[in-house]
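**Student:** Those protein sequences? They're chains A and B, same order as listed. Under the working numbering, the first residue of the first sequence is numbered 7, with each subsequent residue one higher. Under the working numbering, the first residue of the second sequence is numbered 1209, with each subsequent residue one higher.
These are computed hints drawn from the structure, not numbers from a lab. Everything numeric in this text was worked out from a predicted model, so none of it was measured. Note that CB positions come from ideal geometry on N, CA and C, so glycine has one too. Worth double-checking, as some hints may not be accurate.
[Unchecked claim] Listed next, the stretches of chain A that the computed footprint assigns to chain B, with coverage defined by at least 3 CB atoms under 8 Å from CB atoms of chain B:
| # | region |
| --- | --- |
| 1 | 21-34 |
| 2 | 40-51 |
| 3 | 88-97 |
[What the hints assert, rightly or not] Derived SDA-like pairs: lysine to any residue, alpha-carbon spacing no greater than 20 Å straight-line:
| # | chain 1 | residue 1 | chain 2 | residue 2 |
| --- | --- | --- | --- | --- |
| 4 | B | 1431 | A | 72 |
| 5 | B | 1639 | A | 75 |
| 6 | B | 1639 | A | 74 |
| 7 | B | 1431 | A | 74 |
| 8 | B | 1308 | B | 1598 |
| 9 | B | 1431 | A | 64 |
| 10 | A | 150 | A | 137 |
| 11 | A | 73 | B | 1636 |
| 12 | B | 1431 | A | 110 |
| 13 | B | 1639 | A | 72 |
| 14 | B | 1431 | A | 63 |
| 15 | B | 1639 | A | 64 |
| 16 | B | 1308 | B | 1500 |
| 17 | B | 1431 | A | 115 |
| 18 | A | 150 | A | 133 |
| 19 | B | 1431 | A | 111 |
| 20 | B | 1639 | A | 7 |
| 21 | B | 1639 | A | 68 |
| 22 | A | 150 | A | 125 |
| 23 | B | 1308 | B | 1430 |
| 24 | B | 1639 | A | 60 |
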Amino acid sequence: MALAFGVYFFFSIADLAWEAKANGMVIGAALLVLVVVQLARIGLRVHRGEADLQMKSLVEPLDALPKRIGLVLITIAFIATMQWLGVTLGMVLALFASLWILGVRSRRALILVPLGVGAAVYLLFVAALQSDIPHGPVEWLLAKLLMLAMPPS
Amino acid sequence: MSWQFLLDQFATQFGLWWVIWPAILLGIVVGILPGFSPQNTLIMLLPLTLAVPVEQAMAFMIALYCANHLAGGIPAILVRIPGSGGAAATTLDGYPMTQKGQAQQALVLCFTASVFGGLITTLATLALLPWLSQLGLYLRSVEMVIVMLFGLTLIAVIAAKDTLKGLIAGFFGLLIGVIGTDHIYNTPRATFGFLELYDGVPLVPALIGLFAISEALVMLEEKMIVDQAGRERALEARWSDTVEGLRMSLEKWWHIVWTAFVGLFIGIVPGAGASIASFVAYQQSRLWSKNPEAYGTGVPEGVIAPESANNGVTSGTLVPTLALGVPGGSTAAVMMIVLQYHGMVMGPRLFATDPGVAYGVFVSMAVAYIFMIFTILPLARYMSRVVLFETSYLAPIIILVTIVAAFGERQYLFDMALALVFGVIGYVAHKTSYHVTAMLIGILLGPLFEQYLVRALRLSEGDLLILFSSPLGNVLWGLLVLSLVLPLWRGYRQKKPLPREED
Chain A
7 MALAFGVYFF FSIADLAWEA KANGMVIGAA LLVLVVVQLA RIGLRVHRGE ADLQMKSLVE
67 PLDALPKRIG LVLITIAFIA TMQWLGVTLG MVLALFASLW ILGVRSRRAL ILVPLGVGAA
127 VYLLFVAALQ SDIPHGPVEW LLAKLLMLAM PPS
Chain B
1209 MSWQFLLDQF ATQFGLWWVI WPAILLGIVV GILPGFSPQN TLIMLLPLTL AVPVEQAMAF
1269 MIALYCANHL AGGIPAILVR IPGSGGAAAT TLDGYPMTQK GQAQQALVLC FTASVFGGLI
1329 TTLATLALLP WLSQLGLYLR SVEMVIVMLF GLTLIAVIAA KDTLKGLIAG FFGLLIGVIG
1389 TDHIYNTPRA TFGFLELYDG VPLVPALIGL FAISEALVML EEKMIVDQAG RERALEARWS
1449 DTVEGLRMSL EKWWHIVWTA FVGLFIGIVP GAGASIASFV AYQQSRLWSK NPEAYGTGVP
1509 EGVIAPESAN NGVTSGTLVP TLALGVPGGS TAAVMMIVLQ YHGMVMGPRL FATDPGVAYG
1569 VFVSMAVAYI FMIFTILPLA RYMSRVVLFE TSYLAPIIIL VTIVAAFGER QYLFDMALAL
1629 VFGVIGYVAH KTSYHVTAML IGILLGPLFE QYLVRALRLS EGDLLILFSS PLGNVLWGLL
1689 VLSLVLPLWR GYRQKKPLPR EED
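Okay, chain B solo, but in the shape it has when bound (with noise of 0.2 Å):
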């Protein structure tokens, strides 16, 4: 790969301009919506992508993976909803900025994370190709065993006010995600009955239910999201405070950086995506952290480490769709669809055969970011208004809206009572300080460990000790082991008394 070619590259994509900025505003609505993805949102595009050009096809198609990405950030600071699973980690410190009247800040941290996170593993990975697709290849059903594991822990540890509380969250949604027929004898399990819980518990509705409902009636206790010196902030939003975010970015830079690389080496594992990516770089974020106990009352690097992680996830999904013909995630199975009808063959060839689509993926990509902070950061001023609205206006359109969003996914009215069960659920659980993201999580990751550790069990008959038995695998057990007990070595240095509280 000469620099000719690259630069060749980049100027073709700069030229599908007329491509890209369209792809990036759909981008953005899609992902502030919870319940529309950007797959079924491509889905929906196919007949389109599959009619134009393989190089216009997949700039669009780019850009609007990327801008969804980065928009699911903002409901997720500003109303404590993530747009997507990947931005479930943001509001762990997005939401309290904007409690505390920052959220044009916020706003200002998420578009940057995002864009320079994407940007910098888009060209990260433009560069390490041919040896980052080696990478998924040492991860087989063990390792990602204790993958998943790892992201257990990582439950407890973001819940860390009780690490007690946040295991059983994460337990019971991890449970939760075993809901459905089993995946060899195809027998139910636990489905109350419903045949529209026979494929599993949706991930749409869950999401909605334990975040948008769950908040919505919690809300009501207050008059406004924000106090009034929070109102006052909010009422003065002036340009400077969208500065003092870009202030804010560039001193923590190599925050960005390095939570990027931390979602582009997660991305490129298939299955795990931009949820686990984000919490993730948020526990690690924490871990090294000076003041990890600030973490969840509203810091910039609470903000910054998700989305830098979610961002550098979209380069490293791509990473095994092209070079190993298996796709990272969902959203790049729909664009393996349009490059198999458009004739491209998956593989380590496709470098060889079709140079020009394979790293144009990557080049359109990072040409995407560029576009897309000029287009989204003026808007953060705006954004930030949300908050001046009274919640007895928020709490039902929010209900409202997003039980119709749970529709999106299935299309079964199902769903929009199971969003409403979930959002009970997600009261109780708000209200009783077990953790909603923990939950979430434990739901995400339930279908996928089921999948690795029956495959890890069958390998060997029904033995345990497969867990233990990869050097790689023991190196994981050992991490995971570290991130569960360095917190709780850390509070117990610092002997704070616990609170008084109701069980």
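Here chain A stands alone, though its shape is the one from the complex (with noise of 0.2 Å):
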């Protein structure tokens, strides 16, 4: 990974003037060099048979992996969605259906720990923080009765 990045890095660089390029040469020269020598000692690990080029601990256990993988696919569902479902509404199905994937199948669970995060995520971020988080459905339809709620000055 750094390899690549290095090398996609000094073909970024390549035709700009020397002040842009200094630094990026002399610490990516030196992460090239690291990475060299890292690969050497692999080699030489690999050669004695003290070490292996297997990537198991990456994926082990297997048993978790796909939980892994399904709560990054929610997640990237999560932020492909929110433009739409807003922040709250999102958070609420997201939350649902990681509990869901992780083997949560207690009823009271499913509904209480996404509405209680869902809320709290609406309160922290739309209500007191009033940040720019998209607005969905819930956040409209909350600011709608809000204004209800509010008598006309």
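Could you use the hints to bring the two separately framed chains together as a complex?
**Tutor:** Here's what the structure looks like:
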């Protein structure tokens, strides 16, 4: 990963003035040297039989792998649909789906946890901090209701 | 500055308790949430701080700032998610303490080290202010480049189980930190075509991804964060555990003192903030320890050092702000804006023209720390129960809520996706034993390193030898080499056999 990024970095700065690439050259060169030393060290260890080239540690334990991938996919869907669903509804649905794929089957937990976290997110990010995070049906509905509840000035 | 003047200042600040308490509570909330920085909160509250008298505005901002520095350690200890960059080093021993069922003790260590570290350095700053304000003037671009490289060697030493992997992670982070346009010609570099990266890699999504998301993905391998024994200990959390934490802090009082001063001196250097200070203090603590190999397994000193230094920075950061008009950090910059709005002129004359404000800032800080210990210490017992939640609940809540928090800094949806990308990078790094903290400190140092290196190289017309031209710089080079060689030499003397590993 570091090697690929280092090479990409060198390509991206190739035509720039020296001030723009001096730092990248210094750091990138040092990084490439370190990676080459590490590769040599791995080669030596493999040759001695002290290590192997398998990537098992990345995926083990295997029973957690589908959960992990599922959680990442749900997060991607949460970000991608936020512009339409808004942060609150998106959070409730994403959390419900996440808990389900992680094996939670208690109906109470599946309803209360997403609703509780969704409410907390709404109160903190939308109501209190008034951030520009995408609003959806829930935020619009609550805004209308709160406007109705407020006495006309 | 007479004793009478000081006593009057303390009396005035204690009278502002109604401003300080809410600021402390707000600072704690902001500190716990990754993505919510004190500077952003202060910016949002500018209409308030600009409207009230300057003494009240400063008391509010200072209390919020200090509480924020303290609270960043809470999620770092409980769920290995630093609330701020300054608490990243706290995860190294704080989280292992939680895994051992000592979350309450770790929290108390964090609170006492933060409060007393902050208090001691604030009082020291008050006494030494005329001299401390000169220190920042000795560090120019050449020396700053070496200080940054010193930070890099710390990366290798912190990740001492494998120094080479630590260096690779650090330099990888440093290269990521260079993404964006350069300072002189504004030409984009390695932005993958994204306009959102032209300003560089935003720190909050990187922090959230490398720590929170990667940790949540790893967390799924176990049913609980703690083992059965740790769970039983958390269930039986008693006030005696808080007392034990206090006893541990008392035993290590000298550790709190000297690491706080590390933070103070680093805080004085403009630009070098809590993140660097906490790592330097952690590394120095480990370097001079009789049991350096125990660091990373949950030792009290590993929590005390970064937290004490992290809070030692708070007073140091304000020294160049007030004495030179050069803000020591972004929060200090916001404070400077408020002071200037109220008609204060920063610089040495401030201490003569408005001593009530100049010294009052530090008195206010001392009072905030005194209030803080009574506010937060009783909460440790209840906070430590977070570890009783199952990971099937904790992991998705952490990922989804922190993803939303990633939006907070720049208000870009892009930053949420970026946090997820960093989460995956952090996960791979975690599983292949490349230190994510090393990567983060690299990202933090990247832009600053470039700024000082290019300035030094422009002065020398591209001659790298300028980096060896200053006596102070050469002393720093020596210390840097020592920091790298000493642990290697120690390791060699111990002659530990290397464990078999998968590459």
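**Student:** Under the criterion that the straight-line Cα-Cα distance not exceed 20 Å, is the pair residue 1639 (chain B), residue 72 (chain A) satisfied?
**Tutor:** Roughly 17 Å between the alpha carbons, so the hint for residue 1639 (chain B) and residue 72 (chain A) holds.
**Student:** Check the hint pairing residue 150 (chain A) with residue 137 (chain A) against an upper bound of 20 Å on the C-alpha distance.
**Tutor:** 18 Å, holds
**Student:** Need the status of pair residue 1431 (chain B), residue 111 (chain A): alpha-carbon distance at most 20 Å?
**Tutor:** Given pair residue 1431 (chain B), residue 111 (chain A) holds - Cα atoms ~15 Å apart, limit 20 Å.
**Student:** Examine the region 40-51 of chain A: at least three residues should have C-beta closer than 8 Å to a C-beta of chain B.
**Tutor:** This one holds; 7 residues, not fewer than the three required, reach chain B with a Cβ under 8 Å.
**Student:** Sort out whether residue 68 (chain A) lies within 20 Å of residue 1639 (chain B), counting only the CA atoms.
**Tutor:** Satisfied, since the Cα-Cα distance of roughly 14 Å is no more than 20 Å.
**Student:** Check whether the Cα positions of residue 1431 (chain B) and residue 63 (chain A) lie no farther apart than 20 Å.
**Tutor:** Distance of about 19 Å is within 20 Å: holds.
**Student:** Assess, step by step, whether the Cα of residue 150 (chain A) is no farther than 20 Å from the Cα of residue 125 (chain A), and give holds or violated.
**Tutor:** It holds: about 17 Å lies between the C-alpha atoms, which stays within 20 Å.
**Student:** Mind checking the alpha carbons of residue 1431 (chain B) and residue 110 (chain A) for me, to see if they're no more than 20 Å apart?
**Tutor:** Judged against 20 Å, a Cα distance of about 12 Å means the pair holds.
**Student:** Three or more residues of the region 88-97 of chain A near chain B by CB distance under 8 Å?
**Tutor:** holds (count 4)
**Student:** Can the restraint linking residue 1639 (chain B) and residue 7 (chain A) be considered satisfied, given a maximum Cα separation of 20 Å?
**Tutor:** Given pair residue 1639 (chain B), residue 7 (chain A) holds - Cα atoms ~14 Å apart, limit 20 Å.
**Student:** Starting from residue 1431 (chain B), check that the Cα of residue 115 (chain A) is at most 20 Å away, please.
**Tutor:** Since the Cα atoms of residue 1431 (chain B) and residue 115 (chain A) sit roughly 16 Å apart, the hinted pair holds (cutoff 20 Å).
**Student:** Verify the proposed pairing of residue 1308 (chain B) with residue 1430 (chain B), using a straight-line Cα cut of 20 Å.
**Tutor:** 15 Å, holds
The structure agrees with every numbered hint stated previously.
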